[in-house]
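Sequential numbering of the sequence shown, starting at 1, is according to full-length UniProt numbering.
Treat the hints loosely; a few may be bogus.
[As the list claims (entries may be wrong)] Label pairs and their in silico Cβ distance ranges: (1) Glu83 / Phe47: 19 to 29 angstroms; (2) Glu111 / Gly21: 31 to 41 angstroms; (3) Ser50 / Glu97: 42 to 52 angstroms; (4) Asp112 / Glu83: 38 to 48 angstroms.
[Unchecked claim] 16 angstroms max Cα-Cα, derived EDC-like pairs, lysine to aspartate or glutamate: (5) Lys10 / Asp93; (6) Lys56 / Asp22; (7) Lys10 / Glu86; (8) Lys10 / Asp87; (9) Lys10 / Glu83.
Since the hints were derived computationally from the structure, they do not count as laboratory data.
We put the beta carbon where it would ideally sit given N, CA and C, even for glycine.
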Amino acid sequence: MSRPSATVAKRDPVPVFAALGDTNRLMLVLTLRDGQSRSISRLTSDFRMSRQAITKHLHVLEQAGIVRSRRVGRENHFSYVPEPIEDVRSYLDRVCEEWDDALSRLKSFVED
1 MSRPSATVAK RDPVPVFAAL GDTNRLMLVL TLRDGQSRSI SRLTSDFRMS RQAITKHLHV
61 LEQAGIVRSR RVGRENHFSY VPEPIEDVRS YLDRVCEEWD DALSRLKSFV ED
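Please construct the entire structure, taking both the sequences and the accompanying hints into account.
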């Protein structure tokens, strides 16, 4: 089967999938999706990970566009950005539709 045409997306989904492929990063996203921005200090206490580990994971999420940071006094606060996840969901919906179409064509071919 050829590559699905759904691979043409608004945004490259690979960095988002890669960023979400780590349990700690996924848990950070699930925590931040409530709309409240949080400092690294707050996330460190919530997750019982080192400040360096939290910073590393947040950097990966920020590179993928899933979180954004803003300076508040002497701290960086991180917040969730839903658009990359929504884009990936749309991408997966299109891939599913293409597979459904391909399976329907295969079924028709086999039954005829």
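_Unmet hints by their number, sorted upward, for this structure_ = none
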